[in-house]
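What follows is the residue order along each chain.
Number of protein chains: 2
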Amino acid sequence: MAENEQQMIQRLLAPLASGLDGAMGLLDDAALLTPPEGCEFVVTMDTLIDGGHFLFDGTPQCAAQVARKALAVNVSDLAAKAADPFAYFLSIALPAGHEAWLEGFVSGLQTAQLDWHLWLAGGDTVATQGRFTITITAIGTVPNGRMIRRSTARVGDDLYVTGTIGDAVAGLSLLQGSEDRKRSWRKRLGEVSTARLLERSRTPTPRVKLIPALRRYANAALDISDGLALDASRLASASGLAAEIDGAKLPLSEPIRSLIQSADLSLADVVSGGDDYEVLAAVEPQNAHAFEEMAKAAGQSVSKIGRLSQGSGLTFYGVNGETVALKKLGWDHLSPSSSQAE
Amino acid sequence: MAENEQQMIQRLLAPLASGLDGAMGLLDDAALLTPPEGCEFVVTMDTLIDGGHFLFDGTPQCAAQVARKALAVNVSDLAAKAADPFAYFLSIALPAGHEAWLEGFVSGLQTAQLDWHLWLAGGDTVATQGRFTITITAIGTVPNGRMIRRSTARVGDDLYVTGTIGDAVAGLSLLQGSEDRKRSWRKRLGEVSTARLLERSRTPTPRVKLIPALRRYANAALDISDGLALDASRLASASGLAAEIDGAKLPLSEPIRSLIQSADLSLADVVSGGDDYEVLAAVEPQNAHAFEEMAKAAGQSVSKIGRLSQGSGLTFYGVNGETVALKKLGWDHLSPSSSQAE
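In the order they appear, the protein sequences are chains L and P.
Residue numbers 128 to 469, in my numbering, belong to the letters of the first sequence in order.
Residue numbers 128 to 469, in my numbering, belong to the letters of the second sequence in order.
It is worth saying that the hints were derived from the structure and are not from the lab.
It is possible that some hints are incorrect.
Claimed, not checked - To give an idea of the chain L side of the interface with chain P (calculated C-beta under 7 angstroms), a few residues:
| hint | residue |
| --- | --- |
| 1 | G152 |
| 2 | D156 |
| 3 | A157 |
| 4 | V169 |
| 5 | D204 |
These numbers were taken from a predicted model, which means no experiment stands behind them.
Glycine included, each C-beta is placed from N, C-alpha and C at the ideal position.
Between the sequences and the hints, there should be enough to build the whole structure, so can you do that?
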């Protein structure tokens with residue numbers, strides 16, 4: 128006889144909850160959560176659907192990647208708010224045939240939650256005749272009053288970004304592009320760099336190492352998921368300010384530099400591409416050096432890419448300091464077309 | 128130009144968050160939640176998919192019903208744990224054409240959250256080419272240590288159930304049945320009773336009125352979503368006990384009595400039907416009277432339907448006290464067939 132829901136939960140999912148008392152071994156109908164003394168909860172929720180947010184091929188390996196990505200995009204939100212990952216709730220709508228790869232999915236969660244120090248606390252599993260869909264509600268903790276918001280940047284703050292920008296959109300472009308493009312990019316970049324871009328588009332790395340530096344020095348922050356330009360303009364707008372970004376200062380990986388040089392990508396593509404899952408932070412100039420040092424000591428690269436000023440909107444400067452008009456700023460989730468520049 | 132995601136969120140969803148400071152007007156990437164002094168959080172998560180958990184016809188009226196049901200099944204879980212509703216996170220995967228009914232959906236949420244005293248705190252909206260899917264993570268509060276579990280019932284406890292059992296499964300049977308059945312049931316029951324059964328299957332009523340009585344007198348509880356027999360056996364099993372249910376004592380509405388009399392339904396159908404969203408509670412006999420009185424004073428009907436004893440498994444007694452073997456106990460979410468009796 129096929130395994131029923133409760134047996135599946137106990138065999139596969141309950142081990143993911145073993146480090147959290149309040150999950151009660153996934154044996155009750157709800158979890159019991161209390162923030163640690165002097166802390167409050169930061170809560171975020173993200174849904175990923177097969178065909179849009181990931182491309183699922185039905186293998187256990189791909190299922191593990193998908194699981195990691197689903198947890199990563201939620202933990203990325205927590206990290207940008209300077210919240211330490213604590214627990215998550217998982218809802219999965221499973222298409223027929225999941226018996227073949229569900230263990231891969233769970234192993235992906237297991238590795239990811241060990242990397243980022245959080246535990247499964249509960250959720251729901253349903254069968255679907257539609258698409259494989261994953262919703263995660265992730266819960267982090269911050270000392271009381273210390274969540275980093277997007278609306279609290281100040282005039283004159285420097286804008287910092289972690290890691291490199293544009294790898295994910297280039298990877299997606301490879302995944303979804305023609306065979307010709309794949310061949311030509313592979314030839315130009317080599318196998319290793321090509322694989323790196325694909326990897327960046329499949330499995331983001333939440334910048335949890337930056338949490339202490341954010342908590343100490345950031346006036347405002349968010350994670351870049353819909354395009355650096357769009358998310359920077361959101362942070363500026365929420366803070367009642369204007370954002371300026373210097374194209375010459377964008378942190379770019381070698382393959383992205385190479386693709387820009389060959390005109391396969393433009394700087395505009397890079398700043399509006401989305402799926403970077405890097406942190407954008409506003410830091411007062413007087414704290415900039417200390418912020419950089421603390422990030423560096425934690426093993427997290429950060430780059431100063433611009434600043435916030437009086438006014439509204441986003442100004443993007445090209446590599447020679449010229450103003451560049453962006454046709455789009457990033458991605459809107461409800462529309463197949465992208466979000467227009469203001 | 129079509130409304131973008133952020134504009135839609137601010138116009139339609141932000142008003143649902145207006146009573147909760149930590150939701151920050153849905154303008155940030157995460158919510159900030161702290162339990163009230165002396166309380167802890169109880170968290171539950173449920174997903175509903177069009178075609179399975181509800182049948183969506185694309186009208187604003189139906190969207191409002193669906194929204195209410197999605198919130199109801201989550202609040203039902205909180206109520207059964209004796210947790211006061213506090214906040215919820217909403218993820219919706221919206222199919223094309225949602226512009227026509229999204230306001231109906233939001234109005235359904237608005238009415239429901241006013242009825243049950245909780246606020247929207249955050250979530251995610253995504254477009255889908257698949258099915259309309261709703262996931263809610265609901266958060267309630269209990270005084271420290273006072274969550275009612277399913278595993279803490281004691282030998283000799285009486286089993287109580289709220290409301291009436293079987294209306295929802297009869298309503299579903301009507302919705303999914305042949306035109307012949309619809310005509311014959313309508314004729315037998317009349318329009319009012321037929322409408323009542325349909326209503327029960329479409330929009331459950333979470334038993335929030337029972338929360339104070341549960342908190343004071345229940346040793347264990349859960350909400351009945353997959354069938355009284357299955358959920359009673361789960362409560363008994365989690366507590367290391369056996370459950371006995373007296374068919375003669377089941378609270379049945381007039382239409383259900385009539386359908387049983389005409390052999391259109393059996394008692395076995397009623398106890399294994401699912402979707403009741405009533406609370407099943409284990410109460411010590413010495414507290415039974417006080418529990419009944421407190422529930423009655425709160426306007427919530429409760430019925431004593433059985434007891435917990437040493438051993439394991441579920442014994443179901445028919446109306447004449449005979450033991451009735453149940454072919455199935457209830458519904459398993461991962462399997463199209465139902466959960467077998469042990």
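Okay, the hints, checked on the actual structure:
no.	hint	verdict
1	G152	violated (9 angstroms)
2	D156	holds (5 angstroms)
3	A157	holds (4 angstroms)
4	V169	holds (5 angstroms)
5	D204	holds (5 angstroms)
Hint violations for this structure: number 1 only, all remaining hints satisfied.
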